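Participant: Count the sequence shown with our numbering and you get residues -5 to 229, in order.
Just so you know, the hints here were simulated from the structure itself, not pulled from any lab data. Every value quoted in this text rests on a predicted model; they were computed, and no experiment measured them. A portion of the hints provided could be inaccurate.
The calculated lysine-lysine pairs, modelled on DSSO-like cross-linking and capped at a C-alpha distance of 30 Å, are [unchecked claim]: (1) K38 <-> K200; (2) K45 <-> K151; (3) K45 <-> K63; (4) K107 <-> K63; (5) K200 <-> K81; (6) K117 <-> K63; (7) K155 <-> K117; (8) K45 <-> K107; (9) K117 <-> K45; (10) K200 <-> K45.
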Amino acid sequence: MSVVLITGGTGAIGAALVEEFSRTDDVAFTYFNNEERARELSEKFRAFPVKMDISDSNSVQAAVEGVLKEFSRIDVLVNNAGIALIKPFTDTTDEDWETQLSVNLTGCFRVTKAVVPQMIRRKSGAVVNISSVWGVHGASCEVAYSAAKAGVIGFTKALAKELGLSGITVNAIAPGVIDSPMNSSHLNPDELAELCDETPLGRLGKAGEVAAAVRAIAENGFITGQILGVDGGFY
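Work the whole structure out from these sequences, hints included.
Facilitator: Listed below in C-alpha cells is the structure:
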C-alpha cells in the first residue's frame, strides 16, 4: 500500500484522483477554501484532508509536514492543483500572469520541493504533474494558462533526468477538454459542443479517465520524463 498526496483534491479531477487511489492506497489531499467538499471526500473515501495555500511556501511546507506526520512517508505525489484563465492576451494583466504562474507552475515547484527529499532518502517515489493539452499546443485567449502549463512540461522533463538515479519517476499528464465545472464555467455550451466535434472520439473526457491514467503512469517504474496526452485524440 502506497501513500499518495494529491493537490487540489476538491476539483473534478482531484476528486476523481482521490477516489481512484483510495481504492488501494492511503490518500492525503489538499484543498484551499472548499472545506465542505473536503469533508465530504474525507468521509466518503477515508482520505486525509490538508488545508494548503499553494501560492505560499510556508503553507505548502506545513501541509507536507502534516502529511508526513500522519503517514511517515509520501510514495506518490500528484501535482493537480490549478486554475484556468480565458482572456485575450492584450487584456491579461500583470496580476493575471503572476497568478497563473504562481498557482499552475510555481505551485508545482513548491510542493515537489517539499516532498522529494524524503523520496530521495528512500530511493523511491513517483511524481505525476497535471499539465494540459494547451501546455503542449497552446490555446488562443489562454496565453498565460498555456505558458504556465508548458512550464510544467519543461519542469517534468528536467526533473525526471535529475531524479532518475534516485529511483524516482517524474511524468506529466496533458488532459484534453474534460467534462468539469471548471470548463463549463469558462466555456458556453456551443463552445463545448464545438470542442467535442474537434475531438476524434466525439465527446468530452471524464475526470475518472484522467485519474486512471495518472495511476497507470505512477505505478510503472520504467516510465519517466514522459508527457501522456489524455485528450481523445484532440491532437
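Participant: Identify every previously stated hint that the structure contradicts and give their numbers, smallest first.
Facilitator: Hints that this structure does not satisfy do not exist here, as all of them hold.
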